[in-house]
Amino acid sequence: MGFFFSSSSSSSFVFFFLAFLQLFSIVNGRNLTHSSFTPFNHDLYHSSRFIAKEIKGLVVRHPDRLRMETMRAQNKGYNAEVLVVTYNRARKDVNDSSKFRILLSFGQHGRELITSELALRLLSSLSEEKSIPNVDLSSLNNILEKIVLKVVPMENLNGRKRVEAGDLCERRNGRGVDLNRNWSVDWGKKEKDYDPHEENPGTAPFSEPETQIMRKLSKSFDPHIWVTVHSGMENMSQRVMKFKHVQQISFGSSFYFFM
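The sequence shown lines up with residues -29 to -1, 1 to 230 when you count with mature numbering (1 follows the signal peptide of the UniProt record, and there is no 0).
Bear in mind the hints are in silico, worked out from the structure with no lab data behind them.
A quick note: this is a predicted structure, and the numbers were derived from the prediction, not measured.
Warning: the hint list may mix true and false statements.
Pairs of lysine-lysine, DSSO-like flavour, derived with a Cα cap of 30 angstroms [to be verified]:
#1 47 to 132
#2 161 to 190
#3 117 to 70
#4 132 to 101
#5 190 to 47
#6 132 to 27
#7 161 to 47
#8 47 to 187
With the hints as constraints, model all of the structure from the sequences given.
Here's what the structure looks like:
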């Protein structure tokens, strides 16, 4: 899981974020805060087409709090599209600019299927079609009234389709670029464990349409926080990005702070 922070903060946000983490730790009634390991089984996950269909259905059924758009970009004949869902309770009554803005992105790496399942579950819970065990709904709803969420359920749709076609270990996009290495921060930097097959950064920063879309979305929405959710093998890594300088802090898992 990654967190992209701006410099602003408030006590109300801290309270929301604790509730937010609690919400994320509950999937299908199971508390995921306890360590566990489950062998990968492709049959356990929905297809990208099914997830998109379910999310579109949620938007149709809950126009009072959800809306949806598809963003597209292309580069040298390679095309990408990203589905973006906006959650805003009572959006007709409150100006968006008065609320705390959070951007959530899932599925940046094709093989991390479970993250898009989490996006679907989150939107279902926010729509109140799925219950949230062990959460004070009154307090949570009070917080949700004060925020706007933009959710990207499948950032790397082309890479995911390669996984669904049988290339189960593929993490890159549809033309072999690691989207997590295609940003301008440390572009082209090679760590000691650098794997050119896994971590191809592309021909230049923002060369990939998916990265271009996310940059455009982040600039237009101007979130106070950007959370990008990843899955790991035995742990979940956490990356915190700020935009002007970089400092690194470790808490057991991997936390990267960019400000």
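In rising order, the numbers of the hints this structure does not comply with: Result: no hint breaks.
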